[in-house]
Amino acid sequence: MKEKFTTLVSTGVPLPIENIDTDQIIPARFLKATTREGFGDNLFRDWRYDSAQNPMADFALNQSRYSGKILVAGKNFGCGSSREHAAWAIYDYGFRVVVSSFFADIFKNNALNNGLLPVVVSDSFLRSLLETLERELNTSITVNLQDQKIKFNDREEWFEINAYKKTCLTNGYDDIDYLLSLRNEIKEYDLSHA
Amino acid sequence: MSNRPKTIFEKIWDAHVVKRAEGYPDALFIDRHFIHEVTSPQAFDGLRKRNLPVFNIQRTTATADHNVPTKDQHLPIKEALSRHQVETLRKNCAEFGVELYDLGHPYQGIVHIIGPELGLTLPGMTIVCGDSHTSTHGAFGNIAFGIGTSEVEQVLATQCILQYKPKTMRIEINGQLGKGVVSKDIILYIISKISASGATGYFVEYAGDTIRKLSMEARMTICNMSIEMGARGGLIAPDETTFTYIKGRKFAPIGAAFDEAVAKWKKLATDEGAKYDVVLTFDAADIAPMITYGTNPGMGIKVTDRIPTPAELKEISAQASFTKSLEYMDLQPGAPLLGKPIDYVFIGSCTNARIEDLRLVAGMVKGKKKAEGVEVWVIPGSRQVEAQARQEGLDKIFEQAGFELRSPGCSACLGMNEDKVPPGKYCISTSNRNFEGRQGPKSRTFLASPLSAAAAAITGKVTDVRELM
Ligand code: SF4
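Chains A and B are the protein sequences, given in the same order.
Heads up, the first sequence is in my numbering, so the first residue is 1 and it goes up one at a time.
Heads up, the second sequence is in my numbering, so the first residue is 1001 and it goes up one at a time.
Only chain A is shown next, with the shape it has when bound in the complex:
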């Protein structure tokens, strides 16, 4: 069972960059752990720290004025590798929602499989949210999974999420539970297609 997701009210961290790939989210040299925990320390490692391991002041995650459980990022977030470590790192760091106008496929799946909700919004909603977050710190964002709505100030938008994945997130289910219930049918298929 995973943590259940219903409604999240939080401030957000803006990252107005497009095509943020999984090698930025968690560089390959940090993929060597054999458990799922602890990846948050290395989230956006090479953007957060310089080569002497000092925090880079201009990166959003290092700025105390930004905080919250919602990461707001530019288009095509999560492109690149299939490493689920990217979703683990974002979750482990403390984010529960990523907002963007476009997500790469595998990342989206990985996020959903780990209780991290990818919220796809329109380009104009995204632009306005990014601008607002930079201007009005402490802007509160509400993500309501049941109604599939995201809201800040007086702007609200409906977002799409697959009905099955929604059920899984709301109840903390895993895909594997359903697949295990099909074991006999799968066995049969396997035998007839050897």
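Among the hints, a few may not be true.
What follows is a list of derived Cβ distance ranges for each label pair [stated by the list, open to error]:
hint, chain 1, residue 1, chain 2, residue 2, range
1, A, Gln-53, B, Asp-1072, 27 to 33 Å
2, A, Gln-63, B, Leu-1081, 27 to 33 Å
3, A, Glu-160, B, Glu-1095, 40 to 46 Å
4, A, Glu-131, B, Asn-1174, 23 to 29 Å
Because the hints were derived from the structure by calculation, they are not lab data.
Ideal Cβ positions, reconstructed from N, Cα and C, are used throughout, including at glycine.
For this one, chain A is given, so just place chain B with the ligand on it according to the hints.
Below, chain B with the ligand without anything else, positioned relative to chain A:
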């Protein structure tokens, strides 16, 4: 089932649906599951926690590739965490009974290179691996795609995966390729046209007479990079080229079983009149030797073109990311790339480390020497590729040219093992990703074909390979 004409993708998908239930994604049966050391440990842990065996070990094959050193492979891996990951794979495979082609095994190599060369990758299959370049296998006419670790666990436990059917895209390329243009240029060209996210949500079928004339190796290079335009995967309908390649491979069907299989595989091709969600057409004559200048594979140009300026971008919103990217690369908008000095040349990765790639490079450098100050690594994709290269005497050609032929692995494709490009250095690379830090922290990557990489090794700068031909 109706007699509605179907694409090859639909035929394979529909044949593998074990269960389609209202409100659920399809439960798709997986014929072949490849695993490696990086994305599998947490999945095996999951099995252990649930007290489950691997569903069908016959359908599961493991190798070690991402973490492995390409020098002194017979010695224990020096870096403790890499060693631990490879040892964990060993332990997991032994405990669950999964076949492992470990370091030193004659079949070891990059997971997407060994599947095809062992005849484990066949037409009509569904294939997954916890690695996005699983799309490589699609060159044989199958549905192959990368998955995350939770999904690796699902497949280990149930031999199935829950998936929604993606949309389909047909990319057709017709006509004659120009001098110096190889399959890597075709795919870099397509990605530069449709962008790094242009095929997200789609499964791509490559077709057209240009594709038909390509070897299996060349087709694999194209399918390999499908993911770099966001596609779930890419495939090419099997034909005589495919069947000839498969025949006689270690795990391929033999004798009557092979003939039977071929008869079945021939029926896979897309039916006349089948519909795709999107169809794109390109003319092979428009393609030239390509190179990337930025930090995603969509940022590519013809090697003779200049880098675009922010004002030339189609989308205004992309300007900030574009500028950031050029800053990282320390390149000027509007400048040419031709003649730009380079420091490293990497010939390797699951995109371009097959025997044909090595032959191309050897053909280009035979009797020549690399430029002073340039470091050149040639990393074969597998033990078998390495053995073949040595047998053909390519190692001698490389040695005379000052190139270093090493042992197989992912190497400098990703900064996870010992082979890293140092900060600030420029590397012309035959791999698939030019992301920031991909080849090592602060490294700068130009993606290109093996031919173009070989040419750059000789001149020490970004070169139009046609001038050396
Ligand atoms: S060679 Fe590169 S892209 Fe291919 S599997 Fe290895 S790391 Fe991934």
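Check each numbered hint from earlier against the structure, then list the numbers of those it violates in ascending order.
-> Number 4 only.
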